[in-house]
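Make a model of the complete structure from these sequences and hints.
As a plain string of letters, each chain reads:
Number of protein chains: 2
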Amino acid sequence: MDDDRNTRRRRANGEESRRRILDATVEVAGERGYEGTSIALVSKRCGLPASSIYWHFKDKDDLIAAVIERSFGRWLAALTLPDDSAGTPMARVTMLAQQVATALLEAPDFLRLGLMLTLERRPEEPSARTMFLQVREFAHRRVADMFAEFMPGLDPAAVQLLTTYALAGADGLFVAKEIGGDGVDLVRLFELHALALFDLAARLSS
Amino acid sequence: MDDDRNTRRRRANGEESRRRILDATVEVAGERGYEGTSIALVSKRCGLPASSIYWHFKDKDDLIAAVIERSFGRWLAALTLPDDSAGTPMARVTMLAQQVATALLEAPDFLRLGLMLTLERRPEEPSARTMFLQVREFAHRRVADMFAEFMPGLDPAAVQLLTTYALAGADGLFVAKEIGGDGVDLVRLFELHALALFDLAARLSS
DNA sequence: TTACAACTGTAGTGATCGCTACAGGAAAGC
DNA sequence: GCTTTCCTGTAGCGATCACTACAGTTGTAA
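Chains as they are written, first to last, in this note's numbering: chain A, 1 to 206; chain B, 1 to 206.
Take these hints with a grain of salt, some might be off.
Calculated pairs, DMTMM-like style, for lysine to aspartate or glutamate (alpha carbon to alpha carbon, straight line, at most 25 Å) [to be verified]:
(1) Lys44(B) / Glu27(B)
(2) Lys60(A) / Glu35(B)
(3) Lys60(A) / Glu16(A)
(4) Lys58(A) / Asp109(A)
(5) Lys60(B) / Glu124(B)
(6) Lys44(A) / Glu124(B)
(7) Lys58(B) / Asp23(B)
(8) Lys60(B) / Glu31(A)
(9) Lys44(B) / Glu124(A)
(10) Lys60(A) / Glu31(B)
(11) Lys60(B) / Glu124(A)
(12) Lys60(B) / Glu35(A)
(13) Lys58(B) / Glu31(A)
(14) Lys44(A) / Asp62(A)
(15) Lys58(B) / Glu27(B)
(16) Lys60(B) / Glu27(A)
(17) Lys44(B) / Asp59(B)
(18) Lys60(A) / Asp109(A)
(19) Lys44(A) / Glu35(B)
(20) Lys58(A) / Asp23(A)
(21) Lys58(B) / Glu35(A)
(22) Lys60(A) / Asp23(A)
(23) Lys44(B) / Asp62(B)
(24) Lys58(A) / Glu35(B)
(25) Lys44(B) / Glu35(A)
(26) Lys60(B) / Asp23(B)
(27) Lys44(B) / Glu125(A)
(28) Lys44(A) / Glu125(B)
(29) Lys60(A) / Glu27(B)
(30) Lys60(A) / Glu124(B)
(31) Lys58(A) / Glu31(B)
(32) Lys60(A) / Glu15(A)
(33) Lys58(A) / Glu15(A)
These are computed hints drawn from the structure, not numbers from a lab.
If you want it as structure tokens, here you go:
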């Protein structure tokens, strides 16, 4: 069934164990933050001893960085990008905003953990935080490119401003959803956000 | 000089000690989150023994709740509300947004700690988190009233939506400032946010 | 002077922290 | 069979955790 992966076979339940450890970690970290994520609790939740965790991951920092990485991958996978060539700019921006919103609903861990790490400003940077900021920087560039393409009238400073506002809106709406729960319609709010961005772009273009 | 406060005089450096403890706590909590805030570290930073901390505060939960409370008070104090009767609605909304922005620049701890606590979803609610959510609910109602007053054409559902969007924008822009530091002009972004809200209100009124 | 309330300092409690040493089991290759 | 590699289980390291008991100090009021 599952034959050779690379030259060397994967043994027993190593892959499965790694997955279980990451599942437990994302759960604990989402509840208690970076410092609150204790190896003992993760061990209890995933049913594997601490030594297994330390066999798969160098240390706690490495573990949490791996969680961020996997969560981001899942979020990206949930993001089915809209067709690049369809409809008006307005329709395309709205479409993109809705895609982002549904991806956040499907895979919220990435942004939740990322924001938690971001708000903490400890002297020694956890590598998970650094990783989140890199991903975010990447997203920033992508969105900036999109604005530059859709709104040719914008000067670079305006594109920067608008991009920052766009990402901030996404963060804030996500937080609102985390607080408000089912009472908050994230997709509708992102649609509104797209509208707002469009109007702002028009204002800044003039 | 400082005579009777209530009937009983305040002794020695109790008030001063309480202040130093809270100062140290806000610093530590901002760096390391709720779980990461250890009494030993707070004790070291403020130069007072743990027993003093426990004399002033019931437990760690109580301490952090007090920090949130004081931080909110300071933020409110930094918020010099605009004159209720001056200018067009647009000018008044923009003015308010700028006031909120500068207050956040002057007293950022409140929102930072609040958001950190908000994103954590531990089974047993820390009272600090509850306190933040109450304050936020209060702010929500105030902003909703403002929208209802300035934009009479909005139906209640639209007011709710817009208010959620307004608060989310504030949260997100604050996070952007925390990440971007000096590269982010918070006041300018809040001005943009006011503009966006105005345009959205117009769209939702029609 | 006495009495008391308001703090501070010392010295711990048992529990939990991140992490490690190391023996052993289970599957794959020889 | 034997070895090698992968992974788990047990036990425990020193450090730190939240918190407390309690004696000591000090300003104020009677």
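So, going through the hints one by one against the coordinates:
Simply put, Lys44(B) and Glu27(B) have alpha-carbon atoms about 12 Å apart, close enough for the 25 Å limit, and the pair holds. At most 25 Å may separate the alpha-carbon atoms for a hinted pair to count; Lys60(A) and Glu35(B) meet this at roughly 15 Å. A C-alpha spacing of about 19 Å is found between Lys60(A) and Glu16(A), which places the hinted pair at or below 25 Å, so the restraint holds. The straight-line distance between the Cα atoms of Lys58(A) and Asp109(A) is roughly 22 Å, inside the 25 Å bound, and the hint therefore holds.
For the proposed pair Lys60(B) and Glu124(B), the alpha carbon gap of about 14 Å is at most 25 Å, so the pair holds. Pair hint Lys44(A) plus Glu124(B) holds up; C-alpha atoms about 18 Å apart against a cutoff of 25 Å. A C-alpha spacing of about 17 Å is found between Lys58(B) and Asp23(B), which places the hinted pair at or below 25 Å, so the restraint holds. Note on Lys60(B) and Glu31(A): the hinted pairing holds, with a Cα-Cα distance of about 18 Å set against a maximum of 25 Å.
Distance restraint check for Lys44(B) and Glu124(A): the Cα-Cα separation of roughly 18 Å lies within the 25 Å cut-off, and the hinted pair is therefore satisfied. Our distance criterion of 25 Å between C-alpha atoms is met by Lys60(A) and Glu31(B), whose separation comes to about 18 Å. This hinted pair checks out: Lys60(B) and Glu124(A) have alpha carbons roughly 24 Å apart, not beyond 25 Å. As the CA atoms of Lys60(B) and Glu35(A) are separated by approximately 15 Å, the hinted pair is consistent with the 25 Å bound.
The hinted pair formed by Lys58(B) and Glu31(A) meets the criterion: a straight-line CA distance of about 24 Å does not exceed 25 Å. A threshold of 25 Å between alpha carbons decides the hint, and for Lys44(A) with Asp62(A) the separation of about 19 Å falls inside it, so the pair holds. Between Lys58(B) and Glu27(B) the alpha-carbon distance is near 20 Å, which keeps this suggested pair within the 25 Å criterion. As the CA atoms of Lys60(B) and Glu27(A) are separated by approximately 24 Å, the hinted pair is consistent with the 25 Å bound.
Between Lys44(B) and Asp59(B) the alpha-carbon distance is near 17 Å, which keeps this suggested pair within the 25 Å criterion. A C-alpha spacing of about 18 Å is found between Lys60(A) and Asp109(A), which places the hinted pair at or below 25 Å, so the restraint holds. Proposed proximity of Lys44(A) and Glu35(B) is supported: the alpha carbons are some 19 Å apart, at most 25 Å. Restraint check for Lys58(A) and Asp23(A): satisfied, since their Cα atoms lie roughly 17 Å apart, inside the 25 Å limit.
For the proposed pair Lys58(B) and Glu35(A), the alpha carbon gap of about 22 Å is at most 25 Å, so the pair holds. Between Lys60(A) and Asp23(A) the alpha-carbon distance is near 14 Å, which keeps this suggested pair within the 25 Å criterion. A threshold of 25 Å between alpha carbons decides the hint, and for Lys44(B) with Asp62(B) the separation of about 19 Å falls inside it, so the pair holds. For the given pair, Lys58(A) sits about 22 Å from Glu35(B) by alpha-carbon distance, which is consistent with the 25 Å threshold.
Pair hint Lys44(B) plus Glu35(A) holds up; C-alpha atoms about 19 Å apart against a cutoff of 25 Å. Between the alpha carbons of Lys60(B) and Asp23(B) the distance comes to roughly 14 Å, so the proposed pair stays at or under 25 Å and holds. For the hint pairing Lys44(B) with Glu125(A), the CA-to-CA distance comes to about 22 Å; that is within 25 Å, so the pair holds. Simply put, Lys44(A) and Glu125(B) have alpha-carbon atoms about 22 Å apart, close enough for the 25 Å limit, and the pair holds.
Between Lys60(A) and Glu27(B) the CA atoms are separated by roughly 24 Å; this keeps the pair inside 25 Å, and the hint holds. The hinted pair formed by Lys60(A) and Glu124(B) meets the criterion: a straight-line CA distance of about 24 Å does not exceed 25 Å. Taken as a hint, the Lys58(A) and Glu31(B) pair is honoured in the structure, with Cα atoms around 24 Å apart against an allowance of 25 Å. Simply put, Lys60(A) and Glu15(A) have alpha-carbon atoms about 19 Å apart, close enough for the 25 Å limit, and the pair holds.
Simply put, Lys58(A) and Glu15(A) have alpha-carbon atoms about 16 Å apart, close enough for the 25 Å limit, and the pair holds.
Going through the hint list in order, the structure satisfies each hint without exception.
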